[in-house]
Structures are given as C-alpha cells and as structure tokens.
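Residue numbers (the numbering used here), protein chains in the order written: chain Z, 1 to 289; chain E, 290 to 450; chain A, 451 to 1226.
Keep in mind that the hints were calculated from the coordinates and are not lab data.
In the DSS-like style, the derived pairs of lysine-lysine whose C-alpha atoms are separated by at most 30 Å in a straight line are:
| hint | chain 1 | residue 1 | chain 2 | residue 2 |
| --- | --- | --- | --- | --- |
| 1 | E | K406 | Z | K62 |
| 2 | E | K406 | Z | K82 |
| 3 | E | K361 | Z | K62 |
| 4 | A | K1140 | A | K1204 |
| 5 | A | K583 | E | K292 |
| 6 | A | K1212 | Z | K248 |
| 7 | A | K474 | E | K444 |
| 8 | Z | K62 | E | K411 |
| 9 | A | K1212 | Z | K281 |
| 10 | E | K292 | Z | K162 |
| 11 | Z | K227 | A | K1093 |
| 12 | Z | K141 | Z | K162 |
| 13 | E | K362 | Z | K62 |
| 14 | A | K1226 | Z | K248 |
| 15 | A | K1159 | E | K411 |
| 16 | A | K474 | A | K1041 |
| 17 | E | K362 | Z | K87 |
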Amino acid sequence: MIHDFHYLKPGTLKEALAMYAEHEDCKVICGGQSLLIVMRQGMIAPENLLDIKHLNELNYIKFDEKDGLRLGATTTHRAIEKSEVIKKYYPALVAMENKLASIQVRNWGTIGGNLAHADPAGDPAPLLIALKANIKVGSAKGERVMPLDEFFVDYFEIAMEKGELVLEVHVPVTQPKTGIAYQKFNYLTNDMGIVGVAASVTLNGGNTCKDARVVLGNAGPTPRRSKKAEEFLIGKALNDDVFAEAGKIASEDCEPVADIHASEDFRRHVIGVLTKRMLKKAFEEAQGK
Amino acid sequence: MEKRLITLNVNGIDYELYINPKTLLVEAIRDHIGLTGTKRGCDTVSCGACTVMIDDMSVKSCSILAVQAEGKKITTVEGLEKNGELSPIQKAFLDNGSYQCGFCTPGMLMSASAFLKENEGKDVTEEEIREGIEGNICRCTGYNSIVRAIESVVKGNYKEG
Amino acid sequence: MSTEIKELKFTTFKTNIKYSVINKRVHNIDGLAKVTGRATYTFDVKLPNMLYGKILRSPHPHARIVNIDASKALAMPGVIAVATGKDTPGVKQGIWRRYPELCDEQILPLEKVRYIGEPVAAVAAVTEEIAEKALELIDVEYEVLPPVFQPLDAIRKDAPIIHEGVERNINVTRHIEWGDVDDAFAEAEKDGYIREDWFRTSSQHHMCMETRAAVSSFTPDGKLTVYCSTQSPYYMQALLAGVLDMREGDIRVIAHYVGGGFGGKFELDAAIFCSAVLSKKTFRPVKIVFTREEDFIASKRRTPMHYYIRTAMKKDGTFLAREVRVFTNGGAYTGMGATALYLTGFFCSFPYKWRGYRYDGYRVYTNTLPSTAMRGFGAPQAMFCSEQQIEWMCADLGLDPYEVRRKNAHTECYEVPGQAYIQSCGMTQCIDKIEAWAKSKGNLGPNRAIGVSAAGFMSGGIFNWFDTPYSFSSAVVVINYDGKVDLYVGCQEIGQGSNTTMAIICAETLGVKIEDINVYSGDTAHSPADLGAWGSRQTLMAGNAVKMAAEDAKRQLLEFAYAEMGLNIVYDLDIKDRWVHVIARPERGMKYEDLVKRAIRGKDGQRIIGRGYYTPHRKGMISPAYSYMMQAVDAEIDPETGKITLHEVMTAHDCGQPINPLGLIGQLEGAASMALGFGYLEDQPMDEGKILNPNLVDYKVIRATEMPKTDMIEIDTYEAEGPYGAKEAGEGLTNPTAAALGNAIFHALGLQMKELPITSEKIVNALKEKKEKQGK
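Next comes chain Z alone, as it looks inside the complex (with noise of 0.2 Å):
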C-alpha cells in the first residue's frame, strides 16, 4: 500500500528544483520504475513527491563528434535504445539497453532515474563507468559534474546533496582504438544480472593495453572498478593468458554478496568468466579499429 503524499508538478526544471529545495521530506519520481516498487511495499513513504518525467528541458540525445554523447536525465531507456547516433558511435549501449527489464519498462523509466536509485544491480552504471561517463547534478544553488564513478556511495545511496537532482550524463568521446563490452549473467534474458562485468580496452598501436577499464555490477555494494585488474592490464600484451588473469584479479578484487540466486563463490566465478570474455570481446573490437 503507498501511503498518501503531496504531489508536486513543476513546469519547468527551474520550478523543480524550487519546489525540491522548498519541500522537506520530498522524493523524486521520474520513471518511477523502480520506485513505485519500494513505496508499494512501504520502505518509502516521503511526505511529498516531486514528478520530473514531464519535463522535456531534461529530454534530449545530443552527440558531438568533439564533445561526446550527452543525455538528459528524463532520456528514457528506450530513446537510447533506438537512437541512431548511439548505435552508431556507443552501440555497447544500445546492446546493454535492449537487455535491461522489459520493453515497458524501458518506454518509461529513464537513465537518471535509473542511476539515481543506485542499484549495484542496474545495468548502465558499470558500461556507462566503463565509457568514462560523468553526471550532472544540479539544485537550486547550481551545478556541478562528477565522474559516475564517484556518484555511487553504498546501496541505494549516491553522493547528491539535499535538493539536488540528477540533469545529464555525459559520455566523452571513445579514444580511438578502444573497445567496448558489457553482459550479465542471469536466467532470464533481461533480468537484473547476479553479476555483470563492463570492459573496454584501449590498444596502443599493437596489441599493447594503453588503457582500461573493468567495471563490475552487483558484485558489492555500488557498481566498481576493479583498478588491480586495470593496473595489470595496462601496459601489457594482451592475449587470452593475460585476460584470464585479469578476470582472476577481478574476481578477487570485489564484494559480492550471496542471496538465494547465487552463493558469494559463485558469484566470484562469474565475475572471472565475464571478465576475461569481455577484456576479449573489446580487445577484439578495439583491434578491428
């Protein structure tokens, strides 16, 4: 059962984040995806409700060839799904985007919604990590832009101050000769992974790692770079020896937890397996650039 709430509608975003500013004890609702969920079973129960989905200011795919990809927090999964210039420029997230919950829920929920519910499970923050992408937050006393890897503070807790709301994400340009890999593991196709592991390489002419990323998903309290894993890519001549250990330094270099789905071992496997596969899957992509 929701409990009763004030229901706030602002015209424009300037008017949001007034009203965000002004209530006490306010939530926000975009896609409301995941947080109708929570406010049914009566974990949450604000006093008021602060509806951004409406507001087209924050709608919006904008690519630049110079400046990189920028989406507005109200984007929904699916706008990303079926942009062209996405496909065309960052298709791991068109890939990850098609394999996140159902279609429904991607035609409404949206990417800031998605991000600021903060679940370790949630697919974009680890590929979106893995891209380098940065998040704008902003309130009535201004903005400012932080890495995403830095926005996730421990289970469902990001590092927004009161009265701040997620604006964009923006992912810069890919270095050239880099790739790009992101999967989970589940049953169900596009269920929540009960590990995902986001990869990219980036190739130093040759096969030589100038850079990387590993990034897993669900396997601690927020979405985290493996940086032991990424220090021992880097620089190295990549091959399948060098990914399996990779996905062996990974899968120590993670909290995961065990619920009913998978025991903490498991877990840790899958973490190794994804791993290696993905440092594959984008070197191979990197080396076709």
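Since chain Z is already given, all that's left is putting chains E and A on it; use the hints.
Just chains E and A, lined up with the frame of chain Z:
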C-alpha cells in the same frame, strides 16, 4: 487526503477523475473508469498483465501514477476492437490458440500490438518477437502460440478490418 | 525365468470413422471473451454494497495462539467486521474427507499456527486500504513453539510435534508392492546389475496469473453465493458446507473464468473461506484477493521429495525389480499431498514392466507451507529420479537406452499387478519416433546433447477419497426448438479448454456443428456435480458423460426419425453435419432442424433432454486410462558459467484420439515451459520456514525469450475407455521434461545431477568436483 482532478484519455474518450495522486494508472482504469479488461498479476512490475499503451508505446500501468498519464493517449484491450470488429492480432490469437486461462491475454495483446505498430512494414525475426513480449508472463501457453500469432500478423495474414 | 505378469485377454481397436468436429482446429468457445477483455474473473467481480477483506497472517512457523484482541481494529472507521477462528464452527477440514484423521486444517485456527503465513484473523472494511491498515491494529499474543522444517528432521524422536497425536509427524504412509522383489534383487546380485541413488526434488509454485480470489455474498435467508477462482466449484460447495455447517444446496459457487489452476485451486483456500465467514458476519458481499506475495507464501506448493531408488536389471537391460523410498515435505497440513504421495510411488514404476516393485512413501508434517498437487501430481518428481537413473544404468552397462526402454515398456492390454489395467498404449512407438528424431539430428557439437525421458499419466483418478455420493462426472444436454443445444456440465474450464472439448464431443455425437452448442459450466446452480479440473480427468470422464448425454438426446430424436421414415428394421440412422440420414444411403434423410421440431411436438412441447454420467468401475486403483510419451530436450550448457541454453523440446505423444488439436498443442507447450522451469529455474528457498522469494522478481518463471522451439509427433492409438478413444493430454506432459533436461546435461557434460532445480551454480560445482576426482 489530497485529491486531484485529472482527465485521462482512454480509448479515445476523455474521463474526468477526482483521485488521490497515489492512484496507479491501473487502478484508475479498472476501479475508477471501470474497464476491467486490464489485469494485475504482481506488485513488482514483473508480470505485464497490466500492460496498456501510452501514445502507442507499451507500458505497465501498475508502475505509473495516473496523474503522470494525463494528456496522453491511453489504449487498453477494450480499445483494440472497432465496432465489434477485432484487430488483426486479436484474430490471430483466436486462430492460433494463443491464450488459455486468458488472464495474461489483455496485457499480452497490448505488448503484441505495440510491437506490431513499432515494426510495421519491417521484417522481424522470431527472436525480436520473443523480445517484444518478454515483459509479459504467461503461465499457460509456453508463449510459442503467441509468437506464431504475432508472426502471422507480421506476414500480413490479417488485414485491418 | 518368465515374468508373472498377466497379459489380459481383450484388445484395443482403432476406428476409421471420419469425424466432422473432432480433431479440427477451432476457436475456443470462450476465446472471444478472452481476447477482448470481456472475460470476467473473480478478480473483476464487484457487487453492490461490497466490502473488502484482508487476512492477518502468522509471522511464526509454530506457535500457540494465546489471545487475539481486535478491539482497536474494530474501532477504526470503515472497519465493519473482524473474524477469527472463534467466529467459525471450528471444523477441521480437508479434501480427503473419507479419512477424518487427514482432515486436519482449520482455516483460521483456534489453537495453533503451523506455518509462516497461516491466516489468524480476517478484516472486512469499506476499502482494501482500510482493511490493510486495520490488520496492523489486531494484537495477537503467541506462545512460540519450537519448529521443524525438514522431513528428515521431523521424523526424529525428539522432534517437535506439529499435530497432537501424530507420532514422529508422519502424516500419511503409502505402500505399493507387487511381485517378489527380494528374489529379483537376489538374482541381480548374482548375475545382473544393481544401482542405488538418492535424489532431492524441489518445491514449485503454481504461479497462476490470477491469484486466489473470492467474493462471497451471504444473505439473511441463509443462502451463500461465492464467486471464486477454483478448479472445482462442486468441491468448494461441499467443503464450504462442511466448514460453515450449511446445506450444500444453500451454497452457490460460481467460477466463470479462472485465471489458471495447475493443481493449486481445488482445495478450500483462505480467500474463499474468510470471505464467506466475513460475509456471514456482515450480511454484505466481501471480496478477498490475495496479493502476489500472499499467493506465494500461503497458497500451497508442489511437494518437495527426498527420493531413494534401488534398481535391478539383467546385464542385457531387462528390468528385474525396483525398490523406492520417498520422504515428502508435507508442510503443515494434508491437503492433496496424500494423493501426491501415492501417485509418485506408482509413477516411479511407469511406464515399465517390473517383475517386482516395492514403494514406501512417507508424508511428513513440517512447519512450512503445506505441499499439495501440482501439474503432474508427484509424477514429474518420480520421472526426474527414475528416468535419469535408467539412463545412467544404461551408460554404466554400455547399453542403448532406447533399446532398454523399449524392451521394458508397457504394452497394450497389460496389467500392472494390483494397480492398473492398461488398454491402449503407444509407448514403444513413442520411443521409436524419438529415437529416429534424435538420431536425425546428428552431432550437435560440444557441450550440447539431447536427453530423453519416457513418461505417462493418468486420465483422472479412481479413488474416491473425497467420498462423493455423486457420479464423478455428469452432463445434461438440452435440445431447443431451433435445434440449438444447451450443454450443462460440472467440469471446470480453467484455461485448458474443457468447455471447447465438451462442445466438440457434444457436437460430434449429436451430428451438429460446434457453434450449435452453448456450454453452461462453472456454476453449481445449473451445472451437475462433477469433481472438476484436476488429475487430467475431464476429457475422459466429463467427455464420457457428455457423450452419453448427447447419445441419450440423439436416441430420442432418432426414435422420431425412424417412425417418420418408416425404414426396414435392418437400417440404421445417423446425424452428421445437421443431416439426419440412413447410414447405408446417406442421401436419404431429412434436416436435423426439421426433425427436432417434430420430435419436440411429439413430446408434447418438451425440449429434448439427454442425461449422461461417468464413474470409473473395475479399472484398478489409479485411473481408467493412461497417456504415454517420450520427450527429448536439446540443451547446451556453457561449461564455464553453467548457463543452460534450451534449443528444442520434441515429444512423441500418445493421448489416444486427439479431440481439440489447438488445445493439445497448447497443453504441450504450456507444460514444457512449466516443467523446464521445474528443471532449472523454479524453487522456493526458505529460511526458518520463511519463503525467501515471495515475488516475481526473485521467483523466476520462463519467459518468451527462454522458451525453446517445441513440436509433437502424434502416436495413433484408440482408448476403449475414453470418449471417441481419447485420454489425457494435460498434466502428463509436465512429467518427462526435468528428467530429459537432466539426461541432456548428463550426455553433454557427463554430470549426474540429483537435485532440482539444476542451477548453473550446481553445474559449475559438479564440474569442479568431477575435475578434482579425475585429477586424483
């Protein structure tokens, strides 16, 4: 208790409702407007029984506040037939036996309809059809007869009446 | 040594009759309502002046109820009534009415709660929200008792007693035995092969799309009307009469559209009972709909089993004997679990001939959600264990598993000693077809294989545990002046298409078209008593009743036709496609509509009424007829992650004469999706009796993206006991799948998986273990 006056356009008709803003779209459709074709099968946005179309996109009406659907074009299963003539996908469901208990059927039809609209004139693979109804649980049919029904509409076996 | 099995003296036969309605693709007669949103489920029922009910449930797995104080709840504006056990006659009810000791469940118990989620009180209020809030205001004082959750713990001497007087918590035992088992094992010891294995099968939830729901309306004249989501309106009527101390006839049960059943909706549930009790208190209609979570935690489940099988065969693969011991986790109450205990024991012998067979089953009470019937009714568990063990034994001995199955399979006119008389049987043809199909697939590549399993199932049960005084199935056919037919049946449509199947049988028999038939079912006010939709019984049992009723009506019509046409006594008449004609000279005849008009005039204006009924007699202990099948599952397993990809499920199927082909395919595909889920996906893990995944996020069911291609090869047989040669085609298809999947994994990776569900993690662990063993 706070209440708001809203207008919902369902199947081409404007309904004026005076409701608590926490009212879910599915509750507005079923309990306030009285269109009970749309079902509910879970509380976790999992099963798809409550699927309706908003502006021709499939959505789960259990995870949308009714107030958020104001000003949009909502279509429910009752809106698929025109003057007693069934839509192609409804006919295809009949011909292929794509339902059993029928409880998931309205939601399934809405997902299928949205999929067909989105892919009108395009070639689609069986895998894409399966992805198109992935958000809907059917416990009776095992889905394959539903996939066959959608396929047959894609192939043009049914003309809009 | 020759077997002692008796070959019976009668044979089955096939007919070459060309049917005009049977086995044609038709729209289900309730299809239009279902594809347009017009079908009204209990979930949709809204009556004037209706209240909403909510149920307060026990947080403890085992506790004494010391006191319930509902005064604060009753003081809340909008709350109309609160009911506890004290507001009921306190009857211990159960569906095995023939055995009072198995009637052990008070819905709203007076003394004790025995599982987490058990109802303790119910509230009726003007809105659902008020009713839900009121639950929080009911104070229940419990004295917590020590609980026990596992059957093997519950049978220990020092285990807590769950039902007073039930020693070691053993609820039911079942023994099945024939032949000289010890002698056969002794023979195998000398010159044969014996293997024993332990298995564990998991729980599964029915997961009907419509959760348990009821709207009860009690009126001051002492009559009760109940709309509910049930598989058997007659059972609900009879059971409600028992627990409410009312006349059966004063209770009307209506179930027009039911959103799935699968074995979970033919016992009395708390939605039905509590809404009735609240309505009796308030004289207003009361609606209760379970939330999905309530459905998961408190609406029963597939019976989890611990299985021990010891099997003896000759070195050439001839089966000698089998010994089976099963402990089932019965949960807190008996329900239909007693039947599952029997059937799993019988079906573990299926579909093979054994010289000796011995089964001992123990159903054990625990402080968990009661287990009950679910599609397959104990047989999927039996097949998972039996069919895998047979496959492994063949591998151990280097024998061809198809050949071994063929060699031992049931055949036509065979008696399972003391248990079953089998008339039609297409088992060996099923094996032939699947063998040919599997071999035609050639080499599938690494980590991928086809696994097979044989199976069969009953066409309804024989044993009258419900103690009904009525025929198991009944039907009434009424022919109106315009020739249109009203068919009244008590068999229940729950999505399996029984209304359509009955209309087909009625139309075929009368010689009219399916659109001439209006089926009236799902309402005890006009439907004759019938045990309902469970145990795959309706096509055969209700089908026979409908056929008999239609034949009765037809005979009355033809009497007038004979008189009218003045035929030589040696000629026969028939009706086909609304044409009444001389069989030998089909062009000679008259229109059906004309005949009906004259016949009704001849009966002084009475409509033509035919009556039919069916109760199985002299057919053994289990069922009047059995389906047979062989299924193949083509699966690929990622050896690194254990992820299973399902490519195809192929089934060779003997269901006698198919009646409704679209319905048959639907049963096949639906059963496959549910049974694959049983194989690798679905489970209800618990912690201290609390189900940990009571929602559809954590309880996974197969979706369209996981569902493999399915197809069927029909095996042509004719079942003399069934209407037009038909037998069951519903539940049985659930039986082979988990075993076939297990066998696919065995052939792909060399793993013997003995625990359901076969999760990826279990596969990875088994591979690791296998490697470690090989390393040594």
